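**Student:** Construct the complete structure from the given sequences, taking the supplied hints into account.
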Amino acid sequence: MRAQGNLLARFQKTLRQYRLLEPGDSVVVGVSGGPDSVALLDLLRRSEVSPHVAHLHHGARGADADADADFVVALASRWGLPCTVGRADVPALAQREGLAFEEVARRVRYGFLLQTAQEARARSVAVGHHADDQAETVLMHLLRGAGLAGLRGMAPITSFAALAPLLILPDGSPAPRDVDVQLIRPLLQTPRAEIEAYCREQGLETRFDRSNLDTTLFRNRLRHEALPYLAELNPRIAERLCRLAEVARADYALLEQLTEAAWAALIVEQRPETVTLALDGWRAQPLALQRLLLRRAAFHVRPTLRDVDFVHVENAVALAQTGATGAVATLPEGVALRVGYTTLTVSAEEGARLPETRPWLAPGTRLALSLPGETELPGGWTLSATRVEAWDLAAIAANADPFVAWVDARAVTGGAMLRTRERGERFRPQGLGGAGVRLSDFLINVRFPRAWRDALPLLVAGEEVLWIVGVRLSEAALVRPHTGAVVRLEVRPPATER
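Throughout the sequence shown, residue numbering follows the working numbering, covering 135 to 632 in sequence.
If you're looking for bench data, these hints aren't it; they were derived computationally from the structure. A hint or two may mislead.
Claimed, not checked - No farther apart than 20 Å at their CA atoms in a straight line, the calculated lysine to any residue pairs in the SDA-like style are these: (1) 147 - 289; (2) 147 - 159; (3) 147 - 181; (4) 147 - 316; (5) 147 - 328; (6) 147 - 380; (7) 147 - 323; (8) 147 - 377; (9) 147 - 182; (10) 147 - 180; (11) 147 - 343; (12) 147 - 157; (13) 147 - 160; (14) 147 - 291; (15) 147 - 158; (16) 147 - 183; (17) 147 - 295; (18) 147 - 290.
Claimed, not checked - The following label-pair restraints were derived from C-beta to C-beta distances: (19) 456 - 565: 37 to 45 Å; (20) 418 - 374: 17 to 25 Å; (21) 221 - 291: 23 to 31 Å; (22) 142 - 438: 15 to 23 Å; (23) 342 - 549: 24 to 32 Å; (24) 506 - 408: 44 to 52 Å; (25) 537 - 575: 19 to 27 Å.
As the structure is a computational prediction, the values presented were derived from the model and not from experiment. Where a beta carbon is used, it is the ideal one built from N, C-alpha and C, also for glycine.
**Tutor:** Here is the structure:
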């Protein structure tokens, strides 16, 4: 019983230290059936609070998902706890939203937990994220090139009000935004191994989700490949990454205080879809605060922003520092920054909003193609390039995925890059026998929205546009019967956070 006593005591200390819950509080507990959530539920029912079990069936994984739901219902019944089971058709919602299944599953799962908390009149939702999850999150953000905000990882306590704009309810409707519910992670400082040992010692039966072994998912690759390799170099890598998150969180909290003070001093006008700042006052701020002020303005006018990439922020900062009156910078999802005579205005423009269904580049961006390897794109997207010696021309011709392209290796060897379009550029689209057309005319002919064209990624080598990513290949890149080596290109959506 030693592990039980130690873990239970530290768990209850965490509840007090971060003021996550008070005795008698009602708390909704997200329970998947795995060791993390089952241990969390067991610890909470021993901690003078009133747990309400919540489980979402995602409409995927067939009989395994049915068995998970039955398991959670039986567990709640055995422990005499109230239980809510929700159902969602996540595959259909992912298709509707144009996002990866994992991302939509996350949004719907948290939407369901929020909905359950409101129905149960609970002000807290507890989930089973632990120290290894935190290490994975920090490493994932580090690999994406995140700044201090991303290196904070997951917080022990988060307001659902900050998450709500992105959340979806199981029936597909948007989650309510005016909410007073907090998301808590009481096991965030506890390693996975300790949680699994607790389950064994307590004889807690748990379920196993086989999809967690799928290493085509970025997060699973970190868990099963990257972190074990890093642990060979430093056995305490997970602990070090968690410590980095704590340091970053404390440092960022100070920056947020400074940003709040600067915001109050510089704000000229603030409306739901427009923020205007005093230009000279903004230019007088340190670079770190200039960035944070623009990020805050972008999230204010577009609460559904998933993130603002560093490249977008830097382009906006550079324009605001030196741009002439009337200059405009474009940020994701139709957010625009305009330089005035004495003001800096950030606004949401519906017509220019960039959808999340494909990657975008800030105008002027240039990214060298990693061959072989993965090229990181803004917003967490990646372009994977793999050399293929043996290939099937019929299979290549049958490819219907616009984000997968097979190209002659010679076309992309030696300096291929991703960039946005340039004035007067020409393109030789597949199917025209090598005839060149103005790129702008081609985009008009295929009815690609005008407001999005300047952010469309192009794969180029020298002066040749080889691939309008997700739209059309060039004759210059085509694989032909006598082609030698081939490169397979695949654009992948952002990895999903838990």
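**Student:** All hints are to be evaluated individually against the structure, with a verdict given for each.
**Tutor:** Consistency of the hints with the structure:
1. 147 - 289: 17 Å, holds
2. 147 - 159: At roughly 16 Å apart (the allowed maximum being 20 Å), residue 159 and residue 147 satisfy the hint.
3. 147 - 181: Measuring from Cα to Cα gives roughly 10 Å; hence the hint holds.
4. 147 - 316: The given pair, whose Cα atoms are some 19 Å apart, holds under the 20 Å limit.
5. 147 - 328: Satisfied, since the Cα-Cα distance of roughly 16 Å is no more than 20 Å.
6. 147 - 380: The hint holds at about 18 Å.
7. 147 - 323: 11 Å, holds
8. 147 - 377: Holds - the C-alpha atoms of residue 377 and residue 147 are around 19 Å apart, at most 20 Å.
9. 147 - 182: Judged against 20 Å, a Cα distance of about 13 Å means the pair holds.
10. 147 - 180: 13 Å, holds
11. 147 - 343: 30 Å, violated
12. 147 - 157: With a Cα-Cα distance of about 13 Å, the restraint between residue 147 and residue 157 holds, given a limit of 20 Å.
13. 147 - 160: Holds, at roughly 18 Å.
14. 147 - 291: 15 Å, holds
15. 147 - 158: 16 Å, holds
16. 147 - 183: Holds, at roughly 14 Å.
17. 147 - 295: Since the Cα atoms of residue 147 and residue 295 sit roughly 26 Å apart, the hinted pair is violated (cutoff 20 Å).
18. 147 - 290: 13 Å, holds
19. 456 - 565: 37 to 45 Å: Between residue 456 and residue 565, where Cβ atoms are some 43 Å apart, the hint holds.
20. 418 - 374: 17 to 25 Å: 37 Å, violated
21. 221 - 291: 23 to 31 Å: Taking Cβ atoms as reference, residue 221 and residue 291 lie about 29 Å apart, which means the hint holds.
22. 142 - 438: 15 to 23 Å: 40 Å, violated
23. 342 - 549: 24 to 32 Å: 47 Å, violated
24. 506 - 408: 44 to 52 Å: Holds, since residue 506 and residue 408 (Cβ atoms, about 45 Å apart) stay within the stated range.
25. 537 - 575: 19 to 27 Å: 24 Å, holds
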